[in-house]
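**Student:** Spelled out from the first residue to the last, the chains are:
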Amino acid sequence: MDRTRAIPFQFNGKRFEGFAGDSVASALLANGVRVVGRSFKFHRPRGLLSAGVEEPNGLLTVGDGAARTASVRAPVQMLVPELDVHSQAGWPSVDFDVGRALDFTASLWQAGFYNKTFIWPSWHAYEPAVRRMAGLGRAPDGPDPDRYEVRNMHCDVLVIGGGAAGLREAIDAARTGARVVLAEREFQFGGETLWNGSGVDGEPGNDWISRALTGLAAMTEVRLLPGSTAVGIYDDRVTVLVERVAEASGVSGAPHRRRAPRERYWIVRAERIVLATGAIEQPLIFENNDRPGIMLAGAARQYLRRFGVAVGSRVLIATNNDSAYALAKDLKEAGVLVLGIADSRHPVPIEPSTAAASLGIEVFPGTIPTGTAGFSRLKTVWLGRLNADASGIVSSGGGTGAGARVVACDALAVSGGFTPALQLYAHAGGALAYDPSSGALLPVHPVPGVTAAGGAAQSIPAGPRMSPSGRPGRQWVDLLHDVTVADLELALRENFTSMEHLKRYTTVGMAADQGKTSTVATLDVVARLRGISPSQLKHTTMRPPFVPVTLGAIAGRDLGERFAPRRELPMNAWHAAHGALFHDYGEWRRPTAYLKPGETREGAVRREAMAVRAEAGLFDGSPLGKLEIHGPDAVEFLDRFYINDLSTLKPMRARYGLMLRESGVIFDDGTVTLLAPDHLIVTTTSGGAKNVFRWLEEWRQCEWPDLRVAIIPVTEQWATIALAGPKARTVLSRLDTDIDLSAAAFPHLGSRMGHLLGFPARIFRVSFTGELTYEINVPARAGQAVWEALLSAGAGDGVQPLGLDALLLLRLEKGFLHIGTDTDGTTIPDDVGWGKAAANKRRDFIGKRSLLLPENTRTDRHQLVGLANTDGAAFVIGSHLRVPGSAHGSDGWITSACTTVLTNQPVGLAMVRGGRARVGQEVEVYDLGARVARARIVNPPFVDPAGERMNG
Amino acid sequence: MLRIPCPHCGVRDEPEFVFGGPSHIARPESSVSDEVWTDYLFMRENRVGLHYERWLHAYGCGRWFNAVRNTLTHEILETYLMGDPRPPLTDRS
Amino acid sequence: MVDLELSVIPAGRAIVNLKTWMRAPVSLPSLVSSVAARLLTLGPDEWLMISDSLDGPGLHGAVAALARSHGMVAVDLSQGIAGLELKGMAARDLLASGCGLDLHPRSFPVGCCTRTRLAQLAVVIECTHSEPQYELYVGGSYLPYLKAWLEDAANCELK
Amino acid sequence: MRHYSFLNLVRQARRGNAGWEPAWRDADPRSSYDVVVIGGGGHGLATAYYLARKHGVRRVAVLERGWIGGGNSGRNTQVVRSNYFHSTSSSFYDHSLKLYEGLAAELNFNIMLSQRGLVQLAHSDHELEIARRWCNAIRMNGIDTDMVTPAEIKALAPPVNLNGRFPVVGGFIQRRAGIARHDAVVWGFARAASALGVDIVQNCEVTGFDIAGGRLRGISTSRGAIAADRAVMNVAGYASHLAGAAGLALPITTMALQAMVTEPIKPILDVLLISATVHAYVSQSDRGEIVIGAGADAYNTYAQRGGIPQQRAAIAAALEMFPSFSRLKLLRHWAGRVDITPDTSPIMGPTPVEGLYINCGWGTGGFKAIPAGGDTMAHTIATGRPHPLIEKFGLDRFKTGALVDEGAAAGVAH
Ligand SMILES: Cc1cc2nc3c(=O)[nH]c(=O)nc-3n(C[C@H](O)[C@H](O)[C@H](O)COP(=O)(O)OP(=O)(O)OC[C@H]3O[C@@H](n4cnc5c(N)ncnc54)[C@H](O)[C@@H]3O)c2cc1C
Ligand SMILES: NC(=O)c1ccc[n+]([C@@H]2O[C@H](COP(=O)([O-])OP(=O)(O)OC[C@H]3O[C@@H](n4cnc5c(N)ncnc54)[C@H](O)[C@@H]3O)[C@@H](O)[C@H]2O)c1
Ligand SMILES: Cc1cc2nc3c(=O)[nH]c(=O)nc-3n(C[C@H](O)[C@H](O)[C@H](O)COP(=O)(O)O)c2cc1C
Ligand SMILES: [Zn+2]
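Protein chains in written order, with numbering that gives the first Met the number 0: chain U, 0 to 951; chain C, 0 to 92; chain G, 0 to 158; chain P, 0 to 413.
Do not take every clue at face value.
Claimed, not checked - Reference listing, derived: stretches of chain C covered by chain U, where coverage requires no fewer than 3 residues with Cβ under 8 Å from a Cβ of chain U:
#, segment
1, 33-46
2, 53-63
Claimed, not checked - Computed Cβ-Cβ distance ranges for the label pairs, DEER-style:
#, chain 1, residue 1, chain 2, residue 2, range
3, U, 859, P, 246, 31 to 39 Å
4, U, 676, G, 38, 25 to 33 Å
5, G, 109, C, 76, 31 to 39 Å
6, P, 243, G, 28, 50 to 58 Å
7, U, 869, P, 153, 37 to 45 Å
Stated by the list, open to error - 27 Å max Cα-Cα, derived BS3-like pairs, lysine-lysine:
#, chain 1, residue 1, chain 2, residue 2
8, U, 847, U, 689
9, U, 847, U, 649
10, U, 847, U, 835
11, P, 265, P, 153
12, U, 840, U, 649
13, P, 53, P, 97
14, G, 86, G, 146
15, P, 53, P, 391
16, P, 398, U, 840
17, U, 378, U, 13
18, P, 391, U, 847
19, P, 153, U, 13
20, P, 391, P, 97
21, G, 146, U, 689
22, U, 649, U, 835
23, U, 378, U, 328
24, U, 835, P, 398
25, U, 847, P, 53
Derived by calculation from the structure, the hints in this document are not laboratory data.
Built from N, CA and C at the ideal position, the CB exists for glycine as well.
Produce the complete structure using the sequences and hints provided.
**Tutor:** Quick look at the structure:
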């Protein structure tokens with residue numbers, strides 16, 4: 000604490016001042032704020048319970064607008080200047096909340112009430128009103144102004160928790176030369192020892208800590224990570240830490256001026272993990288144990304010693320273990336009136352009782368609170384004397400028996416024992432069981448590579464935690480979700496006896512604090528209600544994260560442009576400079592069309608397509624997948640994939656083919672070109688390139704390792720430029736090349752290796768448009784020169800670039816298949832007219848056997864056919880069809896559609912049930928519930944049925 | 000996140016790998032019955048406990064390899080090369 | 000300022016991909032010693048040869064025939080693969096923000112090279128200097144994405 | 000069975016809620032049953048309920064190895080819809096949705112059905128074409144769906160971002176789709192089945208089958224042998240394992256499908272959004288958590304836990320859709336063992352063992368199918384013939400190849 004530096008902040012619109020080093024919680028307490036929020040269900044006033052992440056009451060909203068953050072835990076939020084903090088419930092205010100009315104009808108709103116009502120007329124009618132009552136705080140109003148980062152890390156030893164135990168473990172590990180990471184949730188190392196006054200190795204705690212830190216800082220292989228919380232341990236001990244980077248720098252607001260991330264998500268791979276996470280103090284269960292002013296004793300001590308704030312001026316202490324006695328001493332020394340210590344143990348061990356006696360503080364042995372009074376501030380506590388087995392009260396406050404006691408006080412510090420913070424051990428696969436002597440959850444078996452140290456490995460003997468008397472409906476077990484003993488009782492009565500049912504029915508432990516101060520108490524209560532020992536019960540599954548984690552931190556920088564990689568064409572800059580309208584096609588960003596000023600997309604597409612039919616067009620097909628297949632068995636290898644026979648392929652010739660999955664479904668299409676018997680080039684669809692490579696490799700490595708084949712993807716090595724149109728040959732001939740382009744020397748489906756403009760070139764005569772086409776491949780960086788040369792060579796002839804839209808239109812006119820558009824994950828070769836080819840190939844190929852299965856030989860499968868519109872209107876892709884005689888259901892759908900460029904006819908391709916046998920029939924076209932057109936089933940293509948244009 | 004020991008590259012993170020399903024499945028001749036063929040197509044070992052499976056180190060060496068992994072604990076007991084026989088292992092869990 | 004330099008390796012460096020179709024492990028020394036290039040091992044059957052003194056076709060020409068006689072194929076990928084160089088104290092942290100590989104000099108010393116996953120891509124990383132300094136190789140079409148990704152990472156305060 | 004109503008709620012509250020009875024009876028297994036239902040998930044309980052209610056089968060037991068609903072039925076993201084591509088699927092799922100619409104009243108249990116609408120997002124022209132194909136397919140089968148524009152999507156879900164890495168270019172909506180409270184569906188069926196005399200036996204694991212001459216005769220369990228000549232396996236992630244005990248092989252891979260919730264916040268989202276491209280779906284529960292449906296780890300696992308890669312991918316996807324959720328905090332991340340079939344459709348009907356039936360393979364989407372799954376399986380078991388709605392979902396389709404491939408047909412990889 001630095002009391003010389005005052006820090007102004009706001010709480011619920013009022014201005015307050017704290018000091019540097021304060022948490023929001025300590026600053027509020029120091030300013031006398033007792034009610035920090037209203038409870039979730041019953042809107043009861045609530046004050047701070049704890050001084051740590053386990054806090055169930057002090058969940059506040061920090062900031063506003065786009066940077067608004069809901070449910071910030073007041074004890075762990077560092078106070079920074081001008082912090083704007085709000086309570087999350089309470090209307091019109093936390094101090095006066097009309098919602099409190101619900102508290103007076105609480106028994107109506109017990110566990111599962113919503114299952115029993117709101118049935119008529121329907122839940123949806125009540126839902127909005129109910130939803131408005133739920134939820135803690137509001138979502139931000141806009142995109143996060145902050146940024147986040149992910150960082151990977153490796154180490155030999157990861158020590159989680161930088162208290163005395165963690166520091167020692169880190170030092171021990173570092174001495175062996177190991178790479179050590181020490182993560183501490185707080186911004187300061189030292190844990191409890193920072194303030195609890197205990198020494199380490201006979202040295203004052205703080206001296207020891209500084210020495211330990213100096214020592215660690217000097218070791219090169221040690222990484223200290225303050226402000227970093229371990230939130231989950233996953234498979235193979237991979238651990239996630241969340242570092243609060245911005246908060247550590249003490250800056251608030253104007254985050255855009257910072258470059259630093261707000262939080263950093265560390266993914267740590269450690270050989271060994273030490274959990275030095277300390278323990279979490281538990282409350283006591285008694286009537287009205289939720290009043291503001293009732294606080295965990297350890298928290299009260301921390302606020303006092305660390306932040307100089309006393310939890311009250313007249314303080315009563317109630318405990319079931321030794322730890323709270325230190326608080327009594329500290330309070331007394333600070334001049335606070337300590338009204339006594341109620342200790343549920345009987346007898347109280349010698350050491351604490353003599354310590355109390357020496358301070359003149361009265362100890363009430365075998366005594367536990369049985370009730371409290373005070374609305375927004377605790378006023379009175381009733382104490383009762385437990386009977387021998389703690390199953391009843393000998394006499395209680397208000398009564399007359401010995402031990403009955405009514406204590407007027409303004410604060411009650413409670414300690415219900417400690418349970419080690421071993422959630423992470425549970426994440427790592429460890430099991431925890433209830434230990435009756437300490438009332439804690441302790442490890443049952445070791446987890447390889449994960450150990451606990453210090454407070455996380457201790458068990459502190461403790462007495463009874465629960466008052467046996469009092470109204471169950473007023474005994475809170477889960478403060479954040481307002482779950483009481485009565486809820487658990489009702490759930491048990493209704494047979495929700497499994498702990499997991501109990502959790503889901505009452506929502507106990509499901510709140511934002513994930514039961515950090517209610518899990519063990521739930522076991523106690525249920526055991527008592529069922530008359531069994533808590534050690535017979537299993538706690539519910541603990542899952543990551545240990546504390547809630549900002550979604551932004553998890554995503555890190557993997558958002559927006561970095562959400563998924565994007566690939567650019569080698570000639571991207573040229574396209575961008577020439578009016579390209581870009582879209583994403585798989586990973587690739589490609590020109591859809593090249594818009595001239597004032598032109599629409601449709602207009603451009605028709606112009607480009609027309610140019611190809613009339614003169615020539617230039618298409619950047621660089622993403623076309625290209626694989627080189629080398630080795631003595633290359634032909635044999637490829638022949639096992641294609642439905643076409645490759646064994647007859649001649650040198651320098653290409654063949655189009657389909658590749659199937661083993662199920663017979665079409666997987667990809669493309670050409671295979673034989674350059675030499677041990678060197679082939681395979682092309683794939685642009686989107687399929689990676690998958691085809693992976694597919695070929697899988698078979699090569701796993702199934703046919705004896706075949707001598709090597710596969711090398713070369714897609715990006717080559718720029719692929721398709722020059723298509725009647726003038727293609729003329730234009731290409733104008734460029735300097737050593738390749739004979741004449742029709743006789745270079746026929747359709749031929750390929751030639753040579754030079755173009757001096758660059759190495761591979762030219763293929765394949766056509767996706769139906770026009771004479773040269774598919775020119777030159778090294779990627781030569782692409783633009785060739786592209787520009789072709790454009791200028793053809794300028795006088797009207798050669799122009801075309802985008803994907805025009806290309807797909809042209810191929811549709813020809814009835815060529817577009818995998819993924821006309822086919823889906825069920826399409827087999829016969830469905831698209833390739834059945835014969837597949838059947839005729841004698842040798843086996845992948846997928847062949849499946850084509851003989853009964854399902855694949857049915858004649859009423861969906862088959863790809865052409866559609867001509869008899870009404871004259873354009874088809875809409877995705878419309879469905881009904882064939883004559885069919886009154887309901889669908890008989891198929893339109894997969895592709897366009898209006899032909901030369902003849903202006905609306906045409907389409909469709910998958911139609913038994914379609915090939917229906918050629919000539921009329922079908923009805925339906926779109927969005929209406930019959931929109933009639934169409935005739937025809938055989939494509941729609942232009943140049945003789946296929947003459949292909950040859951120029 | 001699994002940490003998978005590639006026999007060629009050492010231990011790497013799960014996202015570097017592609018899972019390939021059970022290994023040691025023999026592809027039948029195409030002359031087999033529909034019954035045998037569909038078993039090959041669809042039926043898959045799906046054991047609780049030790050699972051013999053194959054992985055591709057897609058973002059690394061590009062090699063497929065076999066692994067024996069416990070499907071309850073995710074422990075990888077052994078990895079071995081494609082084509083090697085199943086190592087005889089017993090479930091330690 | 001961040002102690003970091005990121006640059007694209009100028010085009011012109013020869014990069015040749017070698018793969019073998021042999022089942023038995025092959026040894027490459029004879030190949031490597033005969034040309035002015037260094038060899039990066041990507042896997043048991045795959046290598047990259049890199050040369051600054053030769054161009055792609057030159058390096059390819061120098062090794063192709065010999066490779067073939069060893070049951071290997073050499074393919075020039077000089078124009079298909081892009082290179083980046085990253086140096087400075089923050090280089091390791093920068094890479095660690097998108098790559099799970101252990102880059103500590105104990106595990107990945109100078110001279111070490113591997114293909115791994117960085118920024119969701121398959122990237123070849125080579126440690127070229129203890130400064131530290133790394134060279135990254137990635138499919139050319141990803142270069143703009145990867146470069147922007149790295150620049151963005153560098154923009155985030157690095158520890 | 001005490002009737003549930005607001006009136007009774009008030010009445011009981013005034014008596015300290017002491018009068019409420021067990022929602023269902025915990026039974027000990029008897030030595031024989033007419034039908035044994037294995038697995039106390041939604042499908043098992045619904046099957047038992049319809050067997051007793053519609054077919055008068057009186058001696059029915061549901062055997063559950065742990066606690067009812069502890070499998071996927073108690074850990075799913077609650078989506079109910081019937082917008083499937085194939086009529087085989089959509090007619091089945093729409094039957095289910097219709098049963099859901101009457102279920103709260105029928106079971107006298109508020110299952111919190113909230114038909115708030117579900118929008119499937121399209122991120123490119125191609126996806127929009129596929130969406131239209133899909134939307135029309137559903138409409139052709141007489142089920143409500145509409146195409147929606149980006150502006151309409153924005154109006155339905157104000158915090159949505161239309162201009163992310165994958166811009167939203169449209170989508171389609173099923174307005175009758177929505178969510179129902181997963182646990183409530185399980186408990187509602189359990190309560191109603193129990194009231195009809197069904198024995199619900201928890202902590203009872205089925206370990207084997209007594210099969211003679213190809214006929215089922217009995218079942219061995221962790222709590223002793225039970226004689227029964229009819230049984231149905233509804234054990235989701237353990238389907239292969241249990242079927243193996245009956246000598247049957249299944250085309251199933253068990254994977255860990257994952258989901259996450261944030262801390263609860265005030266209502267901000269009143270519709271469900273699904274994107275196959277960014278790969279997540281997002282809704283807000285009635286309690287206020289943002290519920291994020293993630294993917295599955297792509298390998299066989301029974302571990303029922305999630306990992307970092309899926310967590311990071313799903314959260315990034317959710318933030319691509321809703322950037323303003325960035326400062327919300329992840330509260331919990333869990334997984335369920337899902338039984339994935341090659342065509343992502345269920346397996347329902349008889350098995351080669353006479354008297355032994357199977358209902359599994361729901362993979363990532365069987366919560367919405369619980370009422371219809373129970374109804375049609377009850378019919379199938381009671382009559383010995385597959386219910387017409389499930390004829391095409393039989394195990395025999397993996398012999399003929401007649402798959403009902405929803406993912407493939409819709410052009411979207413699940
Ligand atoms: C994260 C996640 C999200 C999902 N989201 C959705 C969604 O939004 N919408 C949707 O429709 N579906 C969704 N699903 C799928 C849906 O949850 C399941 O398909 C559905 O719950 C299956 O119900 P079931 O009754 O078949 O199986 P389960 O509910 O899993 O029940 C099977 C039961 O069998 C028991 N069992 C297993 N072995 C034995 C044995 N040997 N003896 C006795 N009992 C045994 C198990 O303990 C279990 O209780 C999701 C699933 C997950 C995991
Ligand atoms: N005398 C000795 O030699 C000796 C040795 C060890 C401990 N001790 C005493 O035992 C008591 C407990 O010490 P301890 O160090 O075990 O506990 P501690 O409570 O002092 O420290 C635990 C630390 O772990 C941190 N932490 C908890 N969960 C975390 C997470 N998930 N991620 C990151 N950080 C997390 C906490 O913020 C805390 O600082 C102290 O009083 C200490 O002085 C004494
Ligand atoms: C729709 C839905 C909402 C949930 N909301 C919460 C929640 O608010 N708090 C919580 O702790 N868990 C919540 N859970 C998760 C459950 O606690 C639990 O993790 C899940 O049912 C799986 O069970 P298991 O973790 O016990 O294995 C929710 C689960 C679902 C399906
Ligand atoms: Zn490898």
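**Student:** A separate judgement is required for each hint: does it hold in the structure or not?
**Tutor:** Structure-based check of all given hints:
1. Judged by the Cβ-Cβ criterion of 8 Å, the segment 33-46 of chain C is covered by chain U as claimed, because 4 of its residues qualify and three suffice.
2. Counting residues of the segment 53-63 of chain C whose beta carbon lies closer than 8 Å to any beta carbon of chain U gives 6, which meets the minimum of three for the stated coverage.
3. Checked against the given bound of 31 to 39 Å, the beta carbons of residue 859(U) and residue 246(P), roughly 35 Å apart, stay inside it.
4. Between residue 676(U) and residue 38(G) the beta carbons are some 29 Å apart, a value that agrees with the proposed interval 25 to 33 Å.
5. For residue 109(G) paired with residue 76(C), a C-beta distance near 35 Å keeps the hint of 31 to 39 Å intact.
6. Between residue 243(P) and residue 28(G) the beta carbon distance is about 52 Å. The supplied range of 50 to 58 Å therefore holds.
7. Against the hinted window of 37 to 45 Å, the Cβ-Cβ separation of residue 869(U) and residue 153(P) comes to about 39 Å, which satisfies the hint.
8. For the given pair, residue 847(U) sits about 23 Å from residue 689(U) by alpha-carbon distance, which is consistent with the 27 Å threshold.
9. For the hint linking residue 847(U) to residue 649(U), the alpha-carbon distance of about 24 Å falls within 27 Å, and the restraint holds.
10. The straight-line distance between the Cα atoms of residue 847(U) and residue 835(U) is roughly 12 Å, inside the 27 Å bound, and the hint therefore holds.
11. With a CA separation close to 19 Å, the supplied pair residue 265(P) and residue 153(P) stays within the 27 Å bound.
12. A C-alpha spacing of about 17 Å is found between residue 840(U) and residue 649(U), which places the hinted pair at or below 27 Å, so the restraint holds.
13. A C-alpha spacing of about 17 Å is found between residue 53(P) and residue 97(P), which places the hinted pair at or below 27 Å, so the restraint holds.
14. Proposed proximity of residue 86(G) and residue 146(G) is supported: the alpha carbons are some 14 Å apart, at most 27 Å.
15. In summary, the hint linking residue 53(P) to residue 391(P) is supported, as the alpha carbons are separated by about 23 Å, within the 27 Å threshold.
16. Proximity of residue 398(P) to residue 840(U) is assessed by CA-CA distance (about 24 Å); at most 27 Å being required, the pair is judged to hold.
17. For a cut-off of 27 Å, the pair hint linking residue 378(U) to residue 13(U) stands: about 25 Å separates their Cα positions.
18. This hinted pair checks out: residue 391(P) and residue 847(U) have alpha carbons roughly 25 Å apart, not beyond 27 Å.
19. A C-alpha spacing of about 37 Å is found between residue 153(P) and residue 13(U), which places the hinted pair above 27 Å, so the restraint is violated.
20. Note on residue 391(P) and residue 97(P): the hinted pairing holds, with a Cα-Cα distance of about 20 Å set against a maximum of 27 Å.
21. For a cut-off of 27 Å, the pair hint linking residue 146(G) to residue 689(U) stands: about 22 Å separates their Cα positions.
22. A C-alpha spacing of about 22 Å is found between residue 649(U) and residue 835(U), which places the hinted pair at or below 27 Å, so the restraint holds.
23. Under the criterion of a C-alpha separation no larger than 27 Å, the hint pairing residue 378(U) with residue 328(U) is consistent with the structure, at around 22 Å.
24. A distance of roughly 24 Å separates the Cα atoms of residue 835(U) and residue 398(P); the hinted pair therefore holds under the 27 Å criterion.
25. Distance check on the hinted pair: residue 847(U) and residue 53(P) sit about 47 Å apart at the alpha-carbon level, beyond 27 Å; violated.
In terms of the numbered hints stated before, the structure departs from hints 19, 25, listed from lowest to highest.
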